[in-house]
Amino acid sequence: MGFLGKGLLEGMAVTARNFIGSYFDKDRLVTIQYPEERMELPENSRTFPFLVYDGTPEHLRCTACKICETECPPQCIYIVMDRDEKGKPRQRPKVFDIDISVCMQCQICVEVCPFDAIKMDNDYEKSQYGRFNELVEHLPDLLKRNEYYQKIKPTEASEVDAKLKAEAEKKAKKAAAAKPAVAAQPTRAPAAPKPAAMPAPVPIMKIAIPDDAPFTAEQRQWLAGFLSGLGAAGGVVAAPVTPAPSQAPVPATTTAPRAVVSTPTPSETTPTAAPAGDWPWHDAGMAMAQRMDLAKDKPLADKLMAAMAQTDCHACGYDCRGYADAIASSSESDLSLCLPGEAETASMLEKLMKEAGKP
Amino acid sequence: MVASRCGTRSWITMEAIEKIKEVAAQAVAGAQIEIVNSTPAAAQPSLLVDREHIYAVAKFFKEDPCFQMDFCSCVTGVDYLPKDDKPGYIEVVYHLYSVALKQGPIVLKVRAPRELEQCRVPSLTPLWRGCEFQEREAYDLYGVKFDGHPDLRRILMWDEFKDHPMRKDYVPPMDYEWEPTAHDDTLARAENTGGIVPPSAIEEAHKAKK
Amino acid sequence: MIQSLTEEKSYTLTPGPEGTIETQTLEVSIGPQHPSTHGVFRMDVVLDGETVVKLKPVMGYLHRNHEQLAEKMAWLGSMPYTDRLDYFNSMTNNWAYALSVEKLAGIKVPERAEYIRVIVAELTRLQNHASAIGFLLQDLGAWGTPLLYAFREREKILDLFEAVSGSRMMCNYMRFGGVRVDFDDKTLAAAREITTRFPKFLDEFEKLLTENEVLLARCQKIGILPRELAINSSITGPMARASGVEYDVRKVDKYGVYGRFDFRIPLGDVGDVYDRYYIRVLEMRESVKILEQALHNIPQGPHIAPEVKLRNFKIPNGDGYGRIEAPKGELGFYLVSAGDGKQPHRYHVRPPSFINLTILEDMCLGQKVADVIIILGSVDIVLGEVDR
Numbered sequence: 015m016g017f018l019g020k021g022l023l024e025g026m027a028v029t030a031r032n033f034i035g036s037y038f039d040k041d042r043l044v045t046i047q048y049p050e051e052r053m054e055l056p057e058n059s060r061t062f063p064f065l066v067y068d069g070t071p072e073h074l075r076c077t078a079c080k081i082c083e084t085e086c087p088p089q090c091i092y093i094v095m096d097r098d099e100k101g102k103p104r105q106r107p108k109v110f111d112i113d114i115s116v117c118m119q120c121q122i123c124v125e126v127c128p129f130d131a132i133k134m135d136n137d138y139e140k141s142q143y144g145r146f147n148e149l150v151e152h153l154p155d156l157l158k159r160n161e162y163y164q165k166i167k168p169t170e171a172s173e174v175d176a177k178l179k180a181e182a183e184k185k186a187k188k189a190a191a192a193k194p195a196v197a198a199q200p201t202r203a204p205a206a207p208k209p210a211a212m213p214a215p216v217p218i219m220k221i222a223i224p225d226d227a228p229f230t231a232e233q234r235q236w237l238a239g240f241l242s243g244l245g246a247a248g249g250v251v252a253a254p255v256t257p258a259p260s261q262a263p264v265p266a267t268t269t270a271p272r273a274v275v276s277t278p279t280p281s282e283t284t285p286t287a288a289p290a291g292d293w294p295w296h297d298a299g300m301a302m303a304q305r306m307d308l309a310k311d312k313p314l315a316d317k318l319m320a321a322m323a324q325t326d327c328h329a330c331g332y333d334c335r336g337y338a339d340a341i342a343s344s345s346e347s348d349l350s351l352c353l354p355g356e357a358e359t360a361s362m363l364e365k366l367m368k369e370a371g372k373p
Numbered sequence: 004m005v006a007s008r009c010g011t012r013s014w015i016t017m018e019a020i021e022k023i024k025e026v027a028a029q030a031v032a033g034a035q036i037e038i039v040n041s042t043p044a045a046a047q048p049s050l051l052v053d054r055e056h057i058y059a060v061a062k063f064f065k066e067d068p069c070f071q072m073d074f075c076s077c078v079t080g081v082d083y084l085p086k087d088d089k090p091g092y093i094e095v096v097y098h099l100y101s102v103a104l105k106q107g108p109i110v111l112k113v114r115a116p117r118e119l120e121q122c123r124v125p126s127l128t129p130l131w132r133g134c135e136f137q138e139r140e141a142y143d144l145y146g147v148k149f150d151g152h153p154d155l156r157r158i159l160m161w162d163e164f165k166d167h168p169m170r171k172d173y174v175p176p177m178d179y180e181w182e183p184t185a186h187d188d189t190l191a192r193a194e195n196t197g198g199i200v201p202p203s204a205i206e207e208a209h210k211a212k213k
Numbered sequence: 213m214i215q216s217l218t219e220e221k222s223y224t225l226t227p228g229p230e231g232t233i234e235t236q237t238l239e240v241s242i243g244p245q246h247p248s249t250h251g252v253f254r255m256d257v258v259l260d261g262e263t264v265v266k267l268k269p270v271m272g273y274l275h276r277n278h279e280q281l282a283e284k285m286a287w288l289g290s291m292p293y294t295d296r297l298d299y300f301n302s303m304t305n306n307w308a309y310a311l312s313v314e315k316l317a318g319i320k321v322p323e324r325a326e327y328i329r330v331i332v333a334e335l336t337r338l339q340n341h342a343s344a345i346g347f348l349l350q351d352l353g354a355w356g357t358p359l360l361y362a363f364r365e366r367e368k369i370l371d372l373f374e375a376v377s378g379s380r381m382m383c384n385y386m387r388f389g390g391v392r393v394d395f396d397d398k399t400l401a402a403a404r405e406i407t408t409r410f411p412k413f414l415d416e417f418e419k420l421l422t423e424n425e426v427l428l429a430r431c432q433k434i435g436i437l438p439r440e441l442a443i444n445s446s447i448t449g450p451m452a453r454a455s456g457v458e459y460d461v462r463k464v465d466k467y468g469v470y471g472r473f474d475f476r477i478p479l480g481d482v483g484d485v486y487d488r489y490y491i492r493v494l495e496m497r498e499s500v501k502i503l504e505q506a507l508h509n510i511p512q513g514p515h516i517a518p519e520v521k522l523r524n525f526k527i528p529n530g531d532g533y534g535r536i537e538a539p540k541g542e543l544g545f546y547l548v549s550a551g552d553g554k555q556p557h558r559y560h561v562r563p564p565s566f567i568n569l570t571i572l573e574d575m576c577l578g579q580k581v582a583d584v585i586i587i588l589g590s591v592d593i594v595l596g597e598v599d600r
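Residue numbers (the working numbering), protein chains in the order written: chain Y, 15 to 373; chain D, 4 to 213; chain C, 213 to 600.
No lab work stands behind these hints: they were computed from the structure. Treat the hints with care, since some could be wrong.
To be verified - List of simulated lysine to any residue pairs, SDA-like, C-alpha gap at most 20 angstroms:
| hint | chain 1 | residue 1 | chain 2 | residue 2 |
| --- | --- | --- | --- | --- |
| 1 | Y | 167 | C | 396 |
| 2 | Y | 40 | C | 409 |
| 3 | D | 105 | C | 477 |
| 4 | Y | 312 | Y | 229 |
| 5 | C | 521 | C | 394 |
| 6 | Y | 140 | Y | 32 |
| 7 | Y | 40 | C | 360 |
| 8 | Y | 368 | Y | 315 |
| 9 | Y | 20 | C | 429 |
| 10 | Y | 140 | Y | 61 |
| 11 | Y | 20 | C | 430 |
| 12 | C | 526 | Y | 349 |
| 13 | Y | 140 | Y | 48 |
| 14 | C | 554 | Y | 125 |
| 15 | C | 419 | C | 497 |
| 16 | C | 580 | C | 262 |
| 17 | C | 521 | Y | 130 |
| 18 | C | 398 | Y | 53 |
| 19 | D | 171 | C | 283 |
| 20 | Y | 177 | Y | 124 |
| 21 | C | 554 | Y | 130 |
| 22 | Y | 177 | Y | 188 |
| 23 | D | 112 | D | 165 |
| 24 | C | 398 | C | 505 |
| 25 | D | 65 | C | 441 |
| 26 | Y | 167 | Y | 130 |
| 27 | C | 368 | Y | 36 |
| 28 | C | 368 | Y | 32 |
| 29 | D | 171 | C | 394 |
| 30 | Y | 368 | Y | 351 |
It should be emphasised that the depicted structure is a prediction, and the values quoted were computed from it without experimental measurement.
The following block holds chain Y by itself, in its conformation from the complex (with noise of 0.2 angstroms):
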């Protein structure tokens, strides 16, 4: 057997082998001196949630359904939709809140978001000189162009774009399908003027540095890095890089799904291009009194339909048709899902179950 000392000595063999070998082997020396060198983050790295926008910060995929905020676990999202000058929801967010105080980064908003409107940012130099209102992140803060999601998570953004490209796709043929008058389409593209109420966001954007920089890729970010954390303190605000403004046609693949921002004007009685064809008050932007017009004569489940929000958002669990149907046959008792219809369509619904002897 061994000496007494002997596990001793060879413990500090050991020891020595891995202090010498530290300036050799690049496994025995595993530290990075940041912030001069910084790791490269994996692909599915995640610290706080953004908001996508596709081309400006107007064409928001966001609708303000509020299943996010419903289930953050932590409830560190505060959401207002946001509304016209008479009260009908726009399908946007007027106040979207995130304290990432409060925010334990579990991702949950991100896998219940029916629109991919909301992801998970890999940024985690979030540092503030305040404990309070300045770890809030706003609408403005919160937005970040598709382009920037494209580079931070190339495999996951080109699944997302592939299947928003898909959906679009589909709706568009349906409504082709639908209605042969194309004179009616053009009418209802987001290239319309916008209201004039609505005050476009100005992202306050990090600093980027141009790739024709002289400098290496690393020197690069760590610059970005610097200033960014630079500008955050007050100075210095770079303007959002946006595309031609939005008089340009925008491409049909990112907004067709978004064709109801533009508001109906109130000539628009008559039902136009309908998205689907059996459903004439599937319009997200008709108003409520409108789209019960248009189902007054049919069955229940359809005047159910119709006074849902029209939007498919799966807050309630179903797409809106879906829970008119559960409704109508009694599998589903409860009739205050339909977190963007809020309390119109809940009271709606009461009537007409009410009406229709069900209780």
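Using the hints, position chains D and C against chain Y.
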């Protein structure tokens, strides 16, 4: 003989639990044991025993050579509020396993009334030392007093704490110091969803600070 | 407010013959702010010189009301909170909760998801045991050397967790019916590389520690836990197996696909601190074996049961207890579903660290105060689990 009496399984089927109940009821005179079902998928029916005989029934399960439940895995308190005309109760659930025979669980439940003075249950710590901390936790959080426990005092809350926080009708006191957080209006809105702090209390706390 | 322990029993020591010094016992509070109590944990110790006469553990400094929070949230909403229970082993915490819900609701998990769960759970066990040994050595006075060697390996495993789930420690990876994200080929390759290089690290680690005279002198015959007392006190995990209790939930319940793997359960015979250290080394070797088998046999297929809803997920009324072999012991979740079944009526965690502390006093009586620290280190507690 052992296998024919009770079987050695990891999950208990309905026939097995009926047999177990019979065997226990025979062994302990006067014990009233009922079977409480669980979801069919879970396949974990439990034995509800009355307070007077829970100690004897547990001792039987521990010492009987067919069961040898020498390992008490989990002790839980559950609160049920009064509903319709059914009175509320606090239930203490014991999960027993056997290390010697690699079988289990046998789930024992015992109920006590919710009123603090009458909420007493015999302690099973003399049988299984592992129940000591968990029964202390059930006392701390639910107010169930365990008769025969060697050292019954609060474990997770501090000693001067009042009331028992995990009960369903617990109302937290509003007299502790707190700082305003950025989302006061979120908290105010959360009141509707059964949230934490009512907005009137927030206003009062703000006023008290000024 | 510390209640004086000396009031309960009389500790006056009989004075010796004339001319000797009169002595008294000393009451010391070890913690809650202490570098070696593995978190905010306090022990009120009564000492006669350096020998422990009485010890009372005091906990609750990290009580975050996890169980009550879960009663207010949907079933999925408390999954991220389970990460924070035993914050070293978030994957196994997630698995225990997912298993309990699946048991209660009767959800069947596809095979590939089961294999992925085994792989991440065994990786978690590797990094936990390595860190536990590292922390034990830190308590012994080896200033961080073994700890940082262990952390070097742990970093590789955490990098894999980040690549697959998004976060190094708070993974939130398991869902009811499977896992959130599938393993791609790059991740499998990384897991295979960790598995092939880990035995070499273990050999070096053992060379540093196992026959070290200081370790042997300080850890052998210290904090002995007899086998019968361990079973009676509901001790589980490596601590129980070091005392000779042949009970591993992976072998008894065979949850997941553990029935398919060939691995042994190492057992100790003395039950002292050294046995608990060495059991962890042996368990790491067995985990490497399981990992090799799982990585070799992992099938293709879906990574989550498709019929499980993320939102408005309801469970029929009933109660159930699901448990797994977490690296620290038997981690169980007792869930009661009542009413509409959208959130738990009762959600209870059976924490191994909390229950393993039951016989801390018995193990420490008669030992020196320096031994109390290493006995606590060998129990391997995490306060997030003890206090929830």
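Hints versus structure:
For the hint linking residue 167 of chain Y to residue 396 of chain C, the alpha-carbon distance of about 15 angstroms falls within 20 angstroms, and the restraint holds. Between residue 40 of chain Y and residue 409 of chain C the alpha-carbon distance is near 15 angstroms, which keeps this suggested pair within the 20 angstroms criterion. In summary, the hint linking residue 105 of chain D to residue 477 of chain C is supported, as the alpha carbons are separated by about 15 angstroms, within the 20 angstroms threshold. About 67 angstroms separates the Cα atoms of residue 312 of chain Y and residue 229 of chain Y, which puts this hinted pair outside 20 angstroms; it is violated.
This hinted pair checks out: residue 521 of chain C and residue 394 of chain C have alpha carbons roughly 18 angstroms apart, not beyond 20 angstroms. Straight-line distance between C-alpha atoms of residue 140 of chain Y and residue 32 of chain Y comes to about 36 angstroms, which puts the hinted pair past the 20 angstroms bound. Restraint check for residue 40 of chain Y and residue 360 of chain C: satisfied, since their Cα atoms lie roughly 15 angstroms apart, inside the 20 angstroms limit. About 14 angstroms separates the Cα atoms of residue 368 of chain Y and residue 315 of chain Y, which keeps this hinted pair within 20 angstroms; it holds.
Taking the CA atoms of residue 20 of chain Y and residue 429 of chain C, the gap is about 14 angstroms. The hint holds against a cut of 20 angstroms. At most 20 angstroms may separate the alpha-carbon atoms for a hinted pair to count; residue 140 of chain Y and residue 61 of chain Y meet this at roughly 10 angstroms. Pair hint residue 20 of chain Y plus residue 430 of chain C holds up; C-alpha atoms about 16 angstroms apart against a cutoff of 20 angstroms. Our distance criterion of 20 angstroms between C-alpha atoms is met by residue 526 of chain C and residue 349 of chain Y, whose separation comes to about 17 angstroms.
Our distance criterion of 20 angstroms between C-alpha atoms is met by residue 140 of chain Y and residue 48 of chain Y, whose separation comes to about 15 angstroms. For the given pair, residue 554 of chain C sits about 18 angstroms from residue 125 of chain Y by alpha-carbon distance, which is consistent with the 20 angstroms threshold. Taken as a hint, the residue 419 of chain C and residue 497 of chain C pair is honoured in the structure, with Cα atoms around 15 angstroms apart against an allowance of 20 angstroms. Distance hint between residue 580 of chain C and residue 262 of chain C is fulfilled; the C-alpha atoms sit about 5 angstroms from each other, no more than 20 angstroms.
The hinted pair formed by residue 521 of chain C and residue 130 of chain Y meets the criterion: a straight-line CA distance of about 17 angstroms does not exceed 20 angstroms. Taking the CA atoms of residue 398 of chain C and residue 53 of chain Y, the gap is near 18 angstroms; set against the 20 angstroms cutoff, the hint holds. A distance of roughly 10 angstroms separates the Cα atoms of residue 171 of chain D and residue 283 of chain C; the hinted pair therefore holds under the 20 angstroms criterion. Straight-line distance between C-alpha atoms of residue 177 of chain Y and residue 124 of chain Y comes to about 15 angstroms, which keeps the hinted pair within the 20 angstroms bound.
The suggested pairing of residue 554 of chain C with residue 130 of chain Y is violated, with an alpha-carbon distance near 25 angstroms, which exceeds 20 angstroms. Taking the CA atoms of residue 177 of chain Y and residue 188 of chain Y, the gap is about 17 angstroms. The hint holds against a cut of 20 angstroms. Our distance criterion of 20 angstroms between C-alpha atoms is broken by residue 112 of chain D and residue 165 of chain D, whose separation comes to about 27 angstroms. Using a Cα cut-off of 20 angstroms, the hinted pair residue 398 of chain C and residue 505 of chain C holds, with the two alpha carbons roughly 18 angstroms apart.
With a CA separation close to 15 angstroms, the supplied pair residue 65 of chain D and residue 441 of chain C stays within the 20 angstroms bound. In summary, the hint linking residue 167 of chain Y to residue 130 of chain Y is supported, as the alpha carbons are separated by about 13 angstroms, within the 20 angstroms threshold. Between residue 368 of chain C and residue 36 of chain Y, the direct Cα distance comes to roughly 17 angstroms. Compliance with the 20 angstroms bound is thereby established for this hinted pair. In summary, the hint linking residue 368 of chain C to residue 32 of chain Y is supported, as the alpha carbons are separated by about 17 angstroms, within the 20 angstroms threshold.
The hinted pair formed by residue 171 of chain D and residue 394 of chain C fails the criterion: a straight-line CA distance of about 39 angstroms is larger than 20 angstroms. Note on residue 368 of chain Y and residue 351 of chain Y: the hinted pairing holds, with a Cα-Cα distance of about 17 angstroms set against a maximum of 20 angstroms.
Against the hints set out earlier in the document, violations occur for numbers 4, 6, 21, 23 and 29.
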